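Chains as they are written, first to last, in the numbering used here: chain A, 1494 to 1827; chain B, 1494 to 1827; chain C, 1494 to 1827; chain D, 1494 to 1827.
Hints listed in this document are in silico derivations from the structure and should not be mistaken for laboratory results.
Heads up, some of the hints might be wrong.
Which copy? The list can't say, so a pair holds if one copy fits it or any two copies do.
Unchecked claim - Derived lysine-lysine pairs resembling BS3-like cross-links, with alpha carbons at most 27 angstroms apart:
#  : residue 1 : residue 2
1  : Lys1506   : Lys1556
2  : Lys1556   : Lys1568
3  : Lys1556   : Lys1499
4  : Lys1506   : Lys1568
5  : Lys1624   : Lys1687
6  : Lys1823   : Lys1611
7  : Lys1636   : Lys1608
8  : Lys1556   : Lys1707
9  : Lys1707   : Lys1608
10 : Lys1687   : Lys1636
11 : Lys1499   : Lys1563
12 : Lys1499   : Lys1568
13 : Lys1694   : Lys1582
14 : Lys1516   : Lys1636
15 : Lys1624   : Lys1556
16 : Lys1707   : Lys1694
17 : Lys1563   : Lys1687
18 : Lys1707   : Lys1636
19 : Lys1516   : Lys1624
These numbers come from a predicted model, not from an experiment.
4 protein chains.
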Amino acid sequence: MIIILKNNTQTEKRTQLVDWLEKQGLTVHISEGKYQTVLGLVGDTSAVDQDLIASLSIVDSVKRVSDPFKCASRKFHPEDSVIDVSGLKVGGGHFVMIAGPCSVESEEQIVGIAKAVKAAGAAILRGGAFKPRTSPYDFQGLKADGLELLRIARQETGLPIVTEVMSSRDLPLFEDVDLLQIGARNMQNFDLLKEVGRLRKPVLLKRGLAATLKEFLMSAEYIMAGGNEQVILCERGIRTFDDYTRNTLDLAAIPMLRELTHLPILVDPSHATGIARLVPPMALAGAASGADGLMIEVHNDPMHALCDGAQSLTPEQYADLSEKVRAVRKAVNA
Amino acid sequence: MIIILKNNTQTEKRTQLVDWLEKQGLTVHISEGKYQTVLGLVGDTSAVDQDLIASLSIVDSVKRVSDPFKCASRKFHPEDSVIDVSGLKVGGGHFVMIAGPCSVESEEQIVGIAKAVKAAGAAILRGGAFKPRTSPYDFQGLKADGLELLRIARQETGLPIVTEVMSSRDLPLFEDVDLLQIGARNMQNFDLLKEVGRLRKPVLLKRGLAATLKEFLMSAEYIMAGGNEQVILCERGIRTFDDYTRNTLDLAAIPMLRELTHLPILVDPSHATGIARLVPPMALAGAASGADGLMIEVHNDPMHALCDGAQSLTPEQYADLSEKVRAVRKAVNA
Amino acid sequence: MIIILKNNTQTEKRTQLVDWLEKQGLTVHISEGKYQTVLGLVGDTSAVDQDLIASLSIVDSVKRVSDPFKCASRKFHPEDSVIDVSGLKVGGGHFVMIAGPCSVESEEQIVGIAKAVKAAGAAILRGGAFKPRTSPYDFQGLKADGLELLRIARQETGLPIVTEVMSSRDLPLFEDVDLLQIGARNMQNFDLLKEVGRLRKPVLLKRGLAATLKEFLMSAEYIMAGGNEQVILCERGIRTFDDYTRNTLDLAAIPMLRELTHLPILVDPSHATGIARLVPPMALAGAASGADGLMIEVHNDPMHALCDGAQSLTPEQYADLSEKVRAVRKAVNA
Amino acid sequence: MIIILKNNTQTEKRTQLVDWLEKQGLTVHISEGKYQTVLGLVGDTSAVDQDLIASLSIVDSVKRVSDPFKCASRKFHPEDSVIDVSGLKVGGGHFVMIAGPCSVESEEQIVGIAKAVKAAGAAILRGGAFKPRTSPYDFQGLKADGLELLRIARQETGLPIVTEVMSSRDLPLFEDVDLLQIGARNMQNFDLLKEVGRLRKPVLLKRGLAATLKEFLMSAEYIMAGGNEQVILCERGIRTFDDYTRNTLDLAAIPMLRELTHLPILVDPSHATGIARLVPPMALAGAASGADGLMIEVHNDPMHALCDGAQSLTPEQYADLSEKVRAVRKAVNA
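Okay, chain A solo, but in the shape it has when bound (with noise of 0.2 angstroms):
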């Protein structure tokens, strides 16, 4: 950690943050220069309050040099992580499809869609039993009948499942879940998190609309510290002051993740877009800039089949984009 502290500190307020630096077990070195000094901390600096720091009398500002996150970061797991979702591998170069309809409504529907996208090279289905929604008057979901339904499109399918858990109290209905699903809005559910990282299964977790990349690591890294490493990243779009689309998928984050950590990552263009006819061309950005999966919405009911409705794309659609993204990624991985 570096501290800059402000033109013309007072000595003796300089020597008490001095002080109490080196009493959190920290060894200081100060560098003065003509017009600032520079405090460089060695030691374990993961517990010291970088806020408090920042907003002394005397400091100008202060500099993280080492990343907050462990567990996540490439710079201690240098190789890709290739997380095992029964059976199926994601990551490393194990590109995933997955594929499925915003809420599960039926038996019918759900074994329809799950046969169609099999079909249409999905290999995970996906489908909300439990739905967050901004409004408490709008449809909730099947909750544990739409996990029911779920298990039965897999049975029919083979394709392992995932699905929302919106609270640490449901878990005991996902226990054969094959991948559990932390939304956007739960991101910093640190409650939930921790209990997900108390299980010894995989983890989709969703960016915030409102995180940083680091506080998506960090809530990647609350998983893993408890124990559960088997954590997949998913872009979904920010918020911006942009509003002609649902939210601003931010594809630069795929290539920068990569970076920054050996979990996989995955697009999902429906939801960051809310639009079903920007969803092929953002999911194939999604592939060319090097995401390791897509999670795409797909349905088959007639009110959607009959206007290109909303995010959902028809199998039809889901099929054609599928074949090209093929392409995509064989033509950026020459």
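Let chain A serve as the given structure and place chains B, C and D on it in line with the hints.
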């Protein structure tokens, strides 16, 4: 709800959409303009998925005419709500000063600060026992022990206490807490919102970092829909490109929320700015903007005292500020 | 234009508003719902100030039904525009690679890079002669001398040149520049937009850091309304809370602009990210998203070459990237 | 400037970087830690390109220790600047009220409003003659005729006038304008900044919608570096995800700019919110935050008067607000 169709829409597709809407129990008024057709929906549109409609290929855009929140809306409750916090009134002209340390650290600390802030005009004591921290390696609070220390401070001073609850599983520990705080990161932890909605206890709901005012009010609605109408809102800064303060305090939200809702609205200038010396001007600005109260961090430990630390004021600074806040309120309400 | 009135509007005020609107030459259709009244305006509403109406005390909200841009709109010009840059076609299936250094520094430098990028597949040479710099103390470019060096590089290689013009006063110096660039900071320098609108020369308009797509297209409209319809758009990143890259590249803007306008749309991954090693993945993602071309910084000076410097690629990296871009385009358009 | 190198940097590359830095005339202090090496640069680093260094492959990050602005910095000019606007003092305790209509429309209008706002306590008259409009089809202002009408209003009332200049080409028309306004969209129109830097006339510089405080001050620096030190800053809202107001008024910028610079700082609550009924609370909040003045839109036309129109106050509302502003300032400065 108003649906604006695109130019040159095929009659067949339009008919299918209108049929579908009517099957949802809505009356559809069609008005055809030279360049576009507008559908006006009459009936209960609260269950209609605006995103779905908006993304249909024949639809240009959709506009909700009525607010999606009801319990929280001033339309259906024109008078200001006055929330009772263990005998203390908040809202409807009753201004409240909440103060205390970021974290509860020891009996000596919390009782000392409680006495100091009471003397300086605070009416409610704040203090973190369960702490949401970005890093799993940072201090997570004294938890149950911290709650016990808050109770002691309450006994010593008579001040009601407010403290953050991070998980519905912890709620039993908070039974005799006077005012439950839901933090910014949990503003859309719907499981937690529903649980506190089942209680009959006042809740202080902080705005999420990326929450629109509508989303903020929908989260209040989650609590109120459960039957708990004792909600106090708190603006504490949003996330923007601006990086000189921790967040950007959005004070125009105060008069705007005042129009939209009957609930009391506080301002937290400490978390919004993260810098102690900006707290007094932003507290005064909050009072001038018409807030129903201020929530401010005050400390008394030597490291902070030494250097105007972090985002916390000393008791002396707080006492001075309290006086100016009173004067500003008088000036504004004259 | 649709005007939604508030509940319980006084009849008198409503009548005054309707009268005033009719005096502007509009026909007003009133449809009264149970909870609100909606006014539909028919006629030329382009001169009606939406902000003014929206803020009237009896108005809940206002929605424009027709886009405010005309020349740039695909509605009135369904075919892709193909812009001719000194014989080179851009748009409508004609993909263009623009490359060159950030600043023109010397004849040796610019001619050397020009030859290298031509060999690597670039069709237009970029290079800054007038440089917009945040600080008045930073290098402001070689100005007229830089333009002269660009002309020499054009003569040596046959590549058309694109370079930024920062002021309408400088325009005479740009007479024989093939493609005039308007930078992001000048996207709403309306004086400059009007002046280049008087020319008959292609213009590359970069999106402003905080510009919505509508504002971006309205700036194109300024140029086109003057009679100069040869506008090429360029997405180059927007400003968000994200700070790991210089800006956030908004690739969903590509397919969305494609719907809204017939103008060609390029992507500049160099300025968007500011980091050389992120340029190739973002260039490939841009190609996959359907852009009409890429504008990329390439350098050949030793300091850069030494360390993969800044946001610029080496000619070798650019050559490698060009090949992959071709492969991605083939994969996407298959 | 502090340069933090990555782990495991090759000695050779590090030597090349240090050599290069020393060739720029800098002294380089190397301090090697266990996990990283830090280079401290001593000398004039203002010409060193921070972005370039930051993106070198061996560099982890770079931190500027000294501010890049000089003339505008409080470090080199500890006393508040007091700007003289045709005899009226602004800054250093001299609070200024600026008021007037959005656009100058007629002699009757501007003289009428000028008299009304003067009676209500305004000391400077504002009014747009050249209007920056997003759409080329919107009213662009009366231009030279508008300036003439402002002169008449000045003659009738004795109020100095402030009005926006949009292009350096128009500057000759503004010769006897008392205070030149540079609008938010032109905050980084460097050609215009340089030109007004050549004048010896006070300039009101508005913050750009996406400008950091550093960029804002660098734009002031452009003017001051030209020799014109009479700059007044104006916060007028930034662009965020928030959409209930036109922009988000960033009031914490007031005390923060106060620390960074000696220049006076105003607040414009009219453009920031775009909604008349939010102007009084935000004006009072601005005064409470320590601003040196307020710039507020006031109108007197019947359409506005009818309905509390747009972002403008009536003269009566303005008179009432003025009185409260005085009271708030007294409360805050007590």
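Evaluation of the provided hints:
no. : hint              : in the structure
1   : Lys1506 / Lys1556 : both (20 angstroms within a copy, 23 angstroms between copies)
2   : Lys1556 / Lys1568 : both (18 angstroms within a copy, 22 angstroms between copies)
3   : Lys1556 / Lys1499 : both (14 angstroms within a copy, 14 angstroms between copies)
4   : Lys1506 / Lys1568 : between (36 angstroms within a copy, 20 angstroms between copies)
5   : Lys1624 / Lys1687 : both (21 angstroms within a copy, 14 angstroms between copies)
6   : Lys1823 / Lys1611 : both (21 angstroms within a copy, 26 angstroms between copies)
7   : Lys1636 / Lys1608 : within (22 angstroms within a copy, 48 angstroms between copies)
8   : Lys1556 / Lys1707 : both (14 angstroms within a copy, 18 angstroms between copies)
9   : Lys1707 / Lys1608 : neither (38 angstroms within a copy, 39 angstroms between copies)
10  : Lys1687 / Lys1636 : both (22 angstroms within a copy, 15 angstroms between copies)
11  : Lys1499 / Lys1563 : between (31 angstroms within a copy, 16 angstroms between copies)
12  : Lys1499 / Lys1568 : between (32 angstroms within a copy, 10 angstroms between copies)
13  : Lys1694 / Lys1582 : within (13 angstroms within a copy, 48 angstroms between copies)
14  : Lys1516 / Lys1636 : between (52 angstroms within a copy, 26 angstroms between copies)
15  : Lys1624 / Lys1556 : between (40 angstroms within a copy, 24 angstroms between copies)
16  : Lys1707 / Lys1694 : within (23 angstroms within a copy, 36 angstroms between copies)
17  : Lys1563 / Lys1687 : within (16 angstroms within a copy, 35 angstroms between copies)
18  : Lys1707 / Lys1636 : between (32 angstroms within a copy, 26 angstroms between copies)
19  : Lys1516 / Lys1624 : between (49 angstroms within a copy, 24 angstroms between copies)
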